[in-house]
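*Asks:* Kindly produce the complete structure, drawing on both the sequences and the hints.
For the sequence shown, our numbering gives the first residue as 1193, with consecutive numbering after it.
Simulated from the structure, these hints should not be mistaken for laboratory data. Possibly wrong hints are sitting among the right ones.
Claimed, not checked - Each computed EDC-like pair below joins lysine to aspartate or glutamate, with the alpha-carbon atoms no more than 16 Å apart: (1) 1339 x 1369; (2) 1229 x 1269; (3) 1294 x 1227; (4) 1349 x 1216; (5) 1282 x 1377.
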Amino acid sequence: MCVLYLAPLLALLSVGTAAPAPEDCGHLVKLLAPEDKHTIFGKWIFIEGFSNHEMFNAVLRKTNSSWIEILPTSHTETVLLNQGNLIDGKCLDSSANMTFSKNILQISQNNMTATGHFLLSCPDCLVMDFNSTMDEVHIRSLYIFGKSRTLPEAELKQFQKQAECLQYPQPAQYSYDGVTEFCAEKKESSHTVESQDVKDGSQ
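*Replies:* Below you can see the structure in the form of structure tokens.
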């Protein structure tokens, strides 16, 4: 799942559903304003994900559940990304620093580098659009996260339209089922699973 795993992380929406016209895409793919950076902080549940490459699609299809936590650091242009991924029933967790300046995210770990943006979305949503390079393979990924286990259908449909505007193959290769448990935070246990909703970690 690209940045989520950091190297553990053009069809229609559906038959009979018209693709968004070019003039409809402008408002769907606007970037989060730099002054709204504070809205990205806290814990988020991975709800749905797209990729344009089979390498990441294969990982997305094996994903049972996933959460991330984004925290500020003492450096204004650096944020901390914590994550817990349940893949094929096994917990994989990691922490990494990300550079975030003028709405441009940059991260590098092991043999992967990625650059991305946050897109405007609903108040309790976080949408990340990434371009990743791993072993000279270039891959694009689009993810939506929520504060709770589910998002309103209207918000999911808007996200799917965002994906289509950005020319991601449909359908999404990962969709959280709303009930699968989550890997616990590493400080609690690196290989246990928690059944509670992921709580907001923002101050």
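*Asks:* Need the list of violated hint numbers for this structure, in ascending order.
*Replies:* Of the numbered hints given earlier, the structure breaks none, since each of them holds.
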